[in-house]
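As they're listed, the protein sequences go chains A and B.
Under my numbering, the first residue of the first sequence carries the number 1, and numbering increases by one thereafter.
Under my numbering, the first residue of the second sequence carries the number 1, and numbering increases by one thereafter.
Calculated from the structure, these hints are not laboratory results.
Computed from a predicted model, the values in this text were never measured in an experiment.
You may find that some hints are simply not true.
[To be verified] Chain B stretches covered by chain A per the calculated footprint, using a threshold of three residues with CB under 8 Å from any CB of chain A:
hint	region
1	23 to 30
2	67 to 80
3	104 to 116
4	124 to 133
5	144 to 157
[Unchecked claim] One-sided excerpt, in silico: chain A residues whose CB lies under 8 Å from chain B:
hint	residue
6	Ser11
7	Gly19
8	Ala23
9	Leu64
10	Phe66
11	Leu179
12	Thr184
13	Val186
14	Arg218
Think of the CB as a built atom: it goes at the ideal place given N, C-alpha and C, for glycine as much as any other residue.
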Amino acid sequence: MNEPYAEPDASGHFGPYGGRFVAETLTSALDQLASLYAQARQDERFQSILAEHLKHFSGRPTPLYFAERLSDHLGVRVHLKREDLNHTGAHKLNSTIGQALLAQRAKKRRVIAETGAGQHGVATATVAARFGFDCCVYMGSEDIERQRLNVYRMRLLGAEVVPVDSGSRTLKDAMTEALRDWVTNVDDTYYIIGSAAGPHPYPMIVRDFQRVIGVEARAQFMEAHERLPEVLVACVGGGSNAIGLFHPFIDDAAVRMVGVEAGGEGIETGRHSATLVAGREGVLHGSKSYLLSNDDGQVSPTHSISAGLDYPGVGPEHSLLKDLGRVEYACVDDGQALDAFRLTNRLEGIMPALESSHAIAWVVANAPELHDSDVLINLSGRGDKDVDTVAKHDGVRI
Amino acid sequence: MNRIDALFASLRARSRKAFTAFITAGDPSLQVTLGAMHALVEGGADILELGIPFSDPESDGADIQAASMRALAGESPTRLVDVLAIAREFRSVNQETPLLLMGYLNSLLAMGVQSFAHHARQSGVDGVVLVNLPIEEFDQMRPIFEREQLSVVFLVTPTTSAQRAAKIADTASGFLYYVSLKGVTGASHLDLNDLARQAVRLRKLTDMPIQIGFGIRTPEAAAHTAPYADGLIVGSALVKRMAALADTPQKIPDAMRQMAGEFRAAIDQAGTS
Numbered sequence: 001m002n003e004p005y006a007e008p009d010a011s012g013h014f015g016p017y018g019g020r021f022v023a024e025t026l027t028s029a030l031d032q033l034a035s036l037y038a039q040a041r042q043d044e045r046f047q048s049i050l051a052e053h054l055k056h057f058s059g060r061p062t063p064l065y066f067a068e069r070l071s072d073h074l075g076v077r078v079h080l081k082r083e084d085l086n087h088t089g090a091h092k093l094n095s096t097i098g099q100a101l102l103a104q105r106a107k108k109r110r111v112i113a114e115t116g117a118g119q120h121g122v123a124t125a126t127v128a129a130r131f132g133f134d135c136c137v138y139m140g141s142e143d144i145e146r147q148r149l150n151v152y153r154m155r156l157l158g159a160e161v162v163p164v165d166s167g168s169r170t171l172k173d174a175m176t177e178a179l180r181d182w183v184t185n186v187d188d189t190y191y192i193i194g195s196a197a198g199p200h201p202y203p204m205i206v207r208d209f210q211r212v213i214g215v216e217a218r219a220q221f222m223e224a225h226e227r228l229p230e231v232l233v234a235c236v237g238g239g240s241n242a243i244g245l246f247h248p249f250i251d252d253a254a255v256r257m258v259g260v261e262a263g264g265e266g267i268e269t270g271r272h273s274a275t276l277v278a279g280r281e282g283v284l285h286g287s288k289s290y291l292l293s294n295d296d297g298q299v300s301p302t303h304s305i306s307a308g309l310d311y312p313g314v315g316p317e318h319s320l321l322k323d324l325g326r327v328e329y330a331c332v333d334d335g336q337a338l339d340a341f342r343l344t345n346r347l348e349g350i351m352p353a354l355e356s357s358h359a360i361a362w363v364v365a366n367a368p369e370l371h372d373s374d375v376l377i378n379l380s381g382r383g384d385k386d387v388d389t390v391a392k393h394d395g396v397r398i
Numbered sequence: 001m002n003r004i005d006a007l008f009a010s011l012r013a014r015s016r017k018a019f020t021a022f023i024t025a026g027d028p029s030l031q032v033t034l035g036a037m038h039a040l041v042e043g044g045a046d047i048l049e050l051g052i053p054f055s056d057p058e059s060d061g062a063d064i065q066a067a068s069m070r071a072l073a074g075e076s077p078t079r080l081v082d083v084l085a086i087a088r089e090f091r092s093v094n095q096e097t098p099l100l101l102m103g104y105l106n107s108l109l110a111m112g113v114q115s116f117a118h119h120a121r122q123s124g125v126d127g128v129v130l131v132n133l134p135i136e137e138f139d140q141m142r143p144i145f146e147r148e149q150l151s152v153v154f155l156v157t158p159t160t161s162a163q164r165a166a167k168i169a170d171t172a173s174g175f176l177y178y179v180s181l182k183g184v185t186g187a188s189h190l191d192l193n194d195l196a197r198q199a200v201r202l203r204k205l206t207d208m209p210i211q212i213g214f215g216i217r218t219p220e221a222a223a224h225t226a227p228y229a230d231g232l233i234v235g236s237a238l239v240k241r242m243a244a245l246a247d248t249p250q251k252i253p254d255a256m257r258q259m260a261g262e263f264r265a266a267i268d269q270a271g272t273s
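From just these sequences and the hints, can you work out the full model?
Below you can see the structure in the form of C-alpha cells.
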C-alpha cells in the first residue's frame, strides 16, 4: 500500500465491502445515528466524557504485559495487551460505553444487543445499569447453554436475556433477532452492536471506540522500546478487538498483522468459523463482506469451541484489509486454542478467553518462524466464562 | 408494457384494487407451491409474490421464517434455480398473472445478479422485491434489471421521510410497497389512523400504484386497509394456513382458493378511496 489508508466513503463502503443492506424501516434510524455520531466524533466534550468513563469506570489504560515465561518457552518475545483486565473482563466495554453515550445523546430509553459468548451482552447490560437504560439481550439458545455464567451475570445486572431458537441458535441468529427487534422498536431503542459489523455506520463506530486498544498499545510499546513491535496478532470473529488493535498501525508498513479465525474441527470438515480463510463475498446483517455460505447463498452453519468466534460473517473492513494484503488471516483449530489456553494458564497465571486463546495458539504454532521477534497479542478477554466448556471437554464435572 | 403495469392500468380503469398473494416457494414442497399458486389466482389473487427461501430472513416474522425453514429443510432444500423452475412451470399455464419474486440479496449474489435477472426474465418473472436492498445500493445493479425489463419494487415505511419516499418512487418500478407498520412481516400492531395519514402523504408524492403489506392478516383488516391504497399484499396469513395443513398437503389448494376468495371479497367491498 503506497497511499495512506483511507476512511470508508460517506455510505460506509470499505472498498467493495460494507455499505448498508437493511430493510427500509431502519434507514432513517441509521441516517440519524450516522449524523449523531459525526457530531459526537468532533465534539470535544463527548470525547472527554468518554475518556473519563474509560478511565474511571472501565479502568483504562490496560497494561501491556511482557509475558516472560511464555516468551522463554516459545523463543518469541510475547507482549500481551491485557484487555482481560478491562471492567467486565473483555474489550467489549470500550464500545458499549461509547455507544451508551450515543444512546443517551439520542435520548433513547432502551438498548438492545446480540451476544455470542455473552461478553458483549454483559458489557451492554453493564452500561445499561450504569446509565439507566432498559436492556434486552438476544442470545442463541445453544450459546445460553454453554455460557450460563454470563447469562446469569446479565440477569443480575437487570437485563432481560431472550433465548433465540431459530437457525443454528448461535450468534448469527441472535443478531438477526436483534435486527427484528430494532425494526419494530426503532423509535425508543438504540441497538448496541457488539462487533465491527452490521450496516453503516456501525463498523466505523465500533472500530473507532475499539481503537483505544491499538492507540494505547502503540504508545506503551513505543515508550518501553522506542520502536514498534514486529507482529500484531488478534483473534477475529466479527473482528472488533482485532480492528481496534490493528487500525492505528495500518500505515506502519513494517508492522506485520495477523488475524486469527476459528478453524473449529478443521477447515476440511466444514465445521469451522473461518470466514476470511474459507468464505466468499456475500451480504448478511446489513453489510457486504466475506461470508460463509453455500452455492445457493444460504448462510452456512458454523462451529467453534469459542462462542464468541462462532459467526459466519466478519466486519467489512477486515474483508478490505484481506484483499489489500495488509492483514494476513489464518486459523487455528479448537484443539490448538485449548492447548494455548492451558499453556497461558500454566506459564503466566493468566486465564485467557477461548477467543483470545486462538491468537496465542497462532503464535505457538508459528514460533519457529517468529523466533526472537517482538509479537504483540491482543488478550481480548479473560477465560473465567470458559471454565465450564474446558472442563466439559476434559470430561470433568464441576 | 409488462404485466404489472398492464394490470394496474386495467384495475384503475375499472376502479378496482389489486390483491397480491405471497407464499414461500418450496413450502412445504415445490409441487404444493405450484398448485397453491394456481389456486390463489382462481380464488381471486391479481398478483403472485413468491418468496425465495433464505436461511436468515431478518425482516420476516415468525410465520414466514418458519416457511423458509420448511422450504430449506430435508435432503433437497429449495434452491433459487428451483424457484425459477416453478415460475417457468406456472407461466407455461398462466400467461396473465404478474409474478414477483421476493427475497434477500444474498440469494441473488450467489447466482450472480446478471445471471439471475436473465433467468428470471426467461422464466416469466415480472419483477423482484429485495427486502435488504435499499435504493442506494441498487444503483449499480439498475441497468441489469432494466435490460431484462424486470420491475424492481421498493418498500416505503412509516419511518421514510417524504424526500426519501419521492426518491424511492423515482427509482422503483411496478408499484410502491408501503409497509404499514414498523416491524417484521405479519406483525399485529396495525394503526389505521396512522396508515390513513401516511397513505395521503405518499399519494401526493407519486402516481405510481401503492400496495400496502406487512400487517394484513384477516379479511376484516383488508377491508379496513383497502381504501387507502391501490392494492393489498397478504402473506403471513396464507403461509400460516399452509403450515397448519402441512400434514395434509392435498388440502392446501382448496384452502388457498377459499382464503383468496375471502380476501378478494373483502377488498372489493371496501369501496374506493
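Restraint check, 8 Å cut-off on beta carbons, for Val186 of chain A near chain B: 6 Å, holds
Closest C-beta approach of Leu64 of chain A to chain B relative to 8 Å, hint status: 39 Å, violated
Supplied contact hint for Phe66 of chain A, tested at 8 Å Cβ to chain B: Violated, about 43 Å.
Coverage of the region 124 to 133 of chain B by chain A, judged on three or more residues with CB within 8 Å: holds (count 3)
Proposed interface contact between Gly19 of chain A and chain B, which counts if any beta carbon pair is under 8 Å: 6 Å, holds
Interface restraint verdict for Arg218 of chain A against chain B (beta-carbon cut-off 8 Å): 35 Å, violated
Coverage of the region 104 to 116 of chain B by chain A (three or more Cβ within 8 Å): It holds, with 8 qualifying residues against the three required.
Hint status (Cβ of Ser11 of chain A to nearest Cβ of chain B, threshold 8 Å): Since chain B brings a Cβ to about 6 Å from Ser11 of chain A, closer than 8 Å, the hint holds.
Outcome, coverage hint (the region 23 to 30 of chain B, chain A; C-beta under 8 Å; three residues): violated (count 0)
Given coverage of the region 144 to 157 of chain B by chain A, checked by CB-CB distance under 8 Å (3 or more): holds (count 4)
Cut-off 8 Å, beta-carbon criterion: hint that Ala23 of chain A touches chain B: 4 Å, holds
Agreement of hint Thr184 of chain A with chain B interface, Cβ distance less than 8 Å: With a minimum Cβ separation of about 4 Å from chain B (threshold 8 Å), the hint on Thr184 of chain A holds.
Hint compliance for this structure: hints 1, 9, 10, 14 are broken, all remaining hints hold.
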